[in-house]
Structures are given as C-alpha cells and as structure tokens.
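Residue numbers (our numbering), protein chains in the order written: chain A, 1 to 260; chain B, 1 to 589.
Keep in mind that the hints were calculated from the coordinates and are not lab data. Quick reminder that beta carbons are idealized off the backbone N, C-alpha and C, glycines included.
Quick look at which bits of chain B chain A covers, simulated, 3 or more residues with Cβ under 8 Å:
#1 31-39
#2 70-79
#3 571-585
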Amino acid sequence: MKIAVCIKQVPTREWQPRLRDDKTWIREADVSYEMNEPDAYALEEALRLREKHGGEVVVCSAGPARVQQVIREALARGADRAIHVEDDSLAAADAFVSAGALASAMADETFDLVLTGLQSDDQGHGQTGVVLAERLGIPHSTIIMEVQIDPSTSSGQAGSLRVKRELEGGWFQWIAMPLPALLTIQSGINQLRYATLKGIMAAKKKEIRKASLPAGLQPSQQIVALAMPARSKQTHLIGGSAGEAAKELVRLLRDEARAL
Amino acid sequence: METTLTKGGAWLLEDTPDADVFTPEKLSDEHRLMAQTTDEFIANEVLPNLDRLEEKDWELARTLIRRAGDLGLLGTNVPEEYGGLDLDKVSSLIVAEHIARSASFAVTYGGQANLCILPIVLFGTEEQKRQYLPGLVAGELVGAYALSESGSGSDALAAKTRATKQADGSWVLSGEKMWITNGGFADVIIVFAKVDGEHFTAFIVEKRFPGVSAGKEEHKMGIHGSSTTPILLQDTTVPAGNVLGEIGKGHKVALNTLNFGRFKLGAMCIGGSRQAIGDAAKYAAQRKQFGEPIASFGAIKHKLGEMFARTYAIESLTYRTAGLIDAALAGGTHDGATVAHAFEEFAVEASIAKVAGTEVLDYVLDENVQIHGGNGFVRDYMAERYYRDARVNRIFEGTNEINRMLIPGMLVRRALKGELGLIPAAKRLQDDVLAPSVPSTAFGDEGMLEDERRAIAAFKKVALMVLGTAMQTYGQKLTDEQEVLSYTADILIDTFASESAAIRARHALQSGGAHADLHEAAARLFVNDAALRVEQSAKSALAAMTDGDTLRTLLAALRRVLKVTPVNTVALRRRLAEAAVARGGYILN
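My request is simple: use the sequences and hints to build the entire structure.
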C-alpha cells in the first residue's frame, strides 16, 4: 500500500490570536506552530495501516519553508519520506489553492490511499481533502472514524476498503469503496504515538522532495475581514412558577442554547 | 557549532566572540522535537499520575522509567552499541529541562540517567557496559547511586562502608548508605566503599546480590513521588568484575558523575522555572482584587519581571555550557575517559549552573507561592508542591556551599598548574587599577547592549581583583576562607550569567528574531542588578581581607572599575511581566 498523508502546519492552540493590521489574516511574526490535530490522527492511521499491510507512508504538505517543522515531525513519528510544495504564497492559501498545489505534486505518485485531516484548526473549511480527491480523480469519504482494508488488497494492487463515517446525532455509517481513495480523518480515532528520539534522529536522513507551486493557481475565495469573537453576557430571567420555569429552562437549553 | 574557546574558565580572562556562544535560539529542528516528545510524555503519562507516585506506587515508577526508555530519553549520552543514541549534550540538556516539571519523576529519572547510567558509560569496562547499559537504557533495570552515608554527606570521601577482597578476587561490602534516590526499587546501584577502609572505590552492586536491602522510605519535605531510602550492605559479595573504575580512584567516578549531574540539574531548574512562570502569569491574569486582575499591579509585575529575567540568565548560561562541552567533544564518538575529561574541563561552569539554577528556581517558586497568595499555601494548587519539591536541589549533587567553594577553588587550582592565566591577569589588573587613571577599555561601538558589555568587563576585573587579593592574602590557606570564597563565587556566578545573557540578547537583536525586545529587557535587567550584587560581594570580601590604606585604595579602585549607571529596571520588569501575562508564560523560543 502506498499511502499519502497530507498535513498542514497551523498556529498552536495555546496561541492567543492577534490580527494583522489589515485584519485579513493573523500576525504571523509571533505565532508558534504545530501539526494540525486531525492531520496528526491521519498520520497515525496511515502508520498503523502500513504496519498491518506493508508499503510506505509519504507525508505531503503545501506551505512556506517553515512547514518543514511539521514535515520533520511526521518523518520522526515514522513516515518514510515527504513531498513539500514550497511557496511563501501558500501561508494563508485557501482550500482550492492548497489542494491544487498538493495535487500537482502528488499526481505522478499514484497513491493507493490518501488521508487528510477532516479540517484545519486555523481556517476550518474542511474542503482541502475533498477538492484534492477531485483533482486526483479518486473517490473520497469524509469524517472517517475507522478504516478497514480488504484483506485481499496487497501492495501494488487495487483493492477495496470499508470505512466508518461519523454522522450527526451519534449516528455512524459504514461505506464500502474502491481503492485508490481519499479519506478525511476525524480527530481522536486512534492513540497518537510519540516521535522517539531514535525516530527524530532517523528522520534527518529521510528524503523531502521539494516541488514548486504550479502556475495559474488562483484563489477561489478571499478573506475580507477577520474579527475576534465579541464577548457578551446576557442574563435572561425566566418567570412563572417553579414548574413552568423549569420547563421553559429545559426548552431554552435544548432549542436555543443546544446544550442538551 | 563553531567554538574556539574550549578551556573551562577562559571566559573570565578573554572576550568571547558572540558567535561562539550556544543559545536556545540555535536549537535544531531535532532538538525541538526532542523537547516536544519529552513534554508530551510528561503531560500525558506522568503528570496525571503524580498522586499515585506520591503514594509510593513504585511499580508505576518502574513502568514510567520503561516508557522513558522506549522513547530514548535514557540513552542520550550512551553509545549506540549499548542501546543508546550518543547525542550531543544539548540534547541531554533539553530532555532534562523538559522532564523537570514532573519534579518527583525528574528525580527518579536523574537517579537513573545521570547517576547510574552515566558513571558506567564514563568508567565502565567493555564487559560492564555490555552487561548493564542495554537494560538500564531500555528502562528494564532501574539504577541508583549510593555515595552519602549518615556521617558523610559533603565529606563524601569519609565514607565508612568497607570493601574487603576475598581469596577468589571477589569483594565483600559492608556498610549503610543514606538518602539513596530510587533506593526502594533500584536493581543496579553504584556503591562507593573503601577497600580495606582506605582506598575509596566504586562498585556496581545488584540489588539481588545477597545482603543488599533497602531501608524504610524517608519522610521528606518534598518530592514524595520519588523513592529515598537507606541501602544496607551486610557482607554482600560483589564479583571481581564489578569494580567501577580503578581501586582507590572512586573519587574520580564520584566527581565526574557529579560534574555532569550538576549541569543537568541546572537544566532541570530552567524547566521548573518556566513552568512556574507560566502558572504565576496565568493565575495573575485571572485573579481579581480591587476589581482588577492582580497582573495589572506593579508589585506583581515586579515579581513576574524578575522571575523572567533570572530564568533568562540561567537558561543562557546553561545552554552556553552545553555548547562548550559539545564543542570540546565535537567530531565523532569518544571513549568514556575523553568525555569525563570534557566534563572536568567545564566543572566550574557546571557548578555555576547548579548553584545559579537551583537558587533562581527557589526564588521563582517562592514568588510563585506569593503571587498565588492564600491559594499558594494550600494544596489545591501546584505552587505549594513545587515549593517543597525544589528545596532539595540546593542540597543534593553537592550542596550549594560545597559548589561555591569549588567555583573559585577549581579556578585557582588551574591557575597554579599554569592552565589558566589567572595570576598574570590579576597582576596586570593590580598595576592598572593602582595607576592614577584607569585606561578605558576600547569596545566596538555596535550600539547593542554596549553599557552591559562594559559592565561585564568590569565584573571580570572585580572578580580578578578579589580573587587576586585573596590568593595574595591567604596563599595556600585560601581553602580555609570559606566566606571569602563564597563572595568570590557569587561574583563569578553573576559574571558568567550576565555575559551569557547579554551575548544571547545581542544575538537576538542582531538576528532580528522574535521577541528581541524581551531578550534585551531581560539581559539589561539582569546585568544591572548583578552590578549591585557584585559591588556588595566585592566590598564584603575586600573588607574581610584588608584594612586601612590598602582597603581604601582597593575600594577606590573598585569604584573606578565598577562605574555602572543604573537603568530603569521598573520599566524593564513591567515589559517582561506584561509579555509573560499576554503569552501565558515564559515564552522566548
């Protein structure tokens, strides 16, 4: 099995967002970065599939030079090699551009399976994987909780897989689909492994193939303005008898706050 | 890492080119990943289990040591053929620094990696390394180090444990060791005993050897989650092949192990300080009094700013020391003797890292309690536990008092051996300062921390003045003058710390890296206050050694040398404090 995992470098969750003066993106100067969390689970899933079925795991990332940090981390955790589409303009690229950049570098590799996180912690569109599948001309399935490869599938041979999708309201769906395919992986579906010190040192010797951004990729969307969420506190007093008030409170919690 | 100065203590006599100094900003991607792995391990597996460790669940401690072994955290200094990774010393520093916030477990880890694995790496025979290292590095065996006895702590060579040679070449050991970290569950113990009651020697003793037993757990002030027991040896037979190092050369094993252990303890103090600054900054941001977060008050900013700057200084000097050791060991693998020699070369710096690190940490943890107020005094918050846990750091691995004797003591010894040009430099300085006017030193006017550069040059002169006067006054008897030696040590510590901080800040300013303004503020604040301390120590030392006209002349010279204009430290502390609060901690790299 030849598996690709697409990872994105995003600001760390502890970072307090600060906006650039033009309010269309964050101030990158004082950001510290980490691997997008769902992508880390996608990587872990790929490594587990490789352990079960053999083959190789290739990590793919599109971004400026700084994304090497997460590429190195993925190699240290056990990926075999990497592809880096490097361009400064990819720092705040939309899903369409990111997917286009990745597709151009990945097309010739003919992966059996492509895994991405279901969405990014920064922009959170949840589109990159889906668009990438279209660009690679392969089927996709989203919000995947579990991946089962048909046991008859072996390296270099197209096979099939069964995947469990998360639906709303605690419902799940099992789907059978052919390979090659692209899956977008939900966070928390497995237990992440550490990069061992041995793995970290071994990663230094692993190949990172650089690819350039294909010409003619134009963003399909534009961030017009970013704003910090406004904090507000409203007190709503519910009148009536205790019984009525309790009923009303439950209704509000369920229908308006959606807390129940 | 390019470094030309590879002599220990050379920084006192020469100007170090900025580019030669290793700083945390020069860490490689690999180093940062090692920090991340260590952090994740501590956060996911150790911190949630601290209470169980405090209840003396040593099976859990064993499991965690094995997990640390799986991740490679125990093998940073061990050659690959014995299961290690043979990494640079910066890597060891990083692992130690990031393991530190687990306090109790960090002590368990230190007992294993620094005090058991390391002496076997440095002094073990091929056979001993093959027999013990793979298990210890994998964490399948737990290690300990048994040097102290009830009657011999600092005076370790006065140990009473005896070793007697048997007809078949084996040894019989008898005695009682005290305060042994990991004592309750260690498998392999480095034991120091005197052959025939005379020749101090190290042995590798297995817990399963007949006659070896652990006493009761000590009731300690802190680090309750680490095991500390006596180790009893009752006519324990130890095979002939288990002498570690040479007979009668146990002090070499002990001292070289401690040289590196001290450096790593300094590294752990950085990690502890960072953690506490994070806790304090977050607490101060959310705790409201008089309708305001207490972080907005000057008195709290003073504390946070000072915690920040002092942590910056120990971090700078410890990373610099790691860089020096790595530079001395650059180029390939080394046998134990070469590595031991490198540690010995930088023993002064290691002692500085230990004393400065542990004292800064205790300062930071004390202020952390204070910022937490009443909440700092109760067990619901970590502040109280940190405060207790850290206190032992000033006691073990050589008390800070012993280390203070060693810092000037080792420099003097090297000077007398002709390895360090201390005496001619002190003589030159004496001629200079007693001359009617002090020639001003020429500095390149690079416009960056120039006042601090001048101040640090002055600190070095003051150190030489005091040390030179002490050598002249006391000659061979200087070792008896512990107060003067302590004052001298304080000046040397502040000098090395100030220079390391200032060089690092200049790096940050020149490279225009992130937070360069914070680097600058921390270095300027530290150097400014160091000048006050240096002056105070120098005056006390000089007044203890001389009087009358000699003292007046020396004090006049001191005034001329140490002309440092105070800076607005209130503003600098506020800037650092506000940054720590905004970022939720000490975040520079």
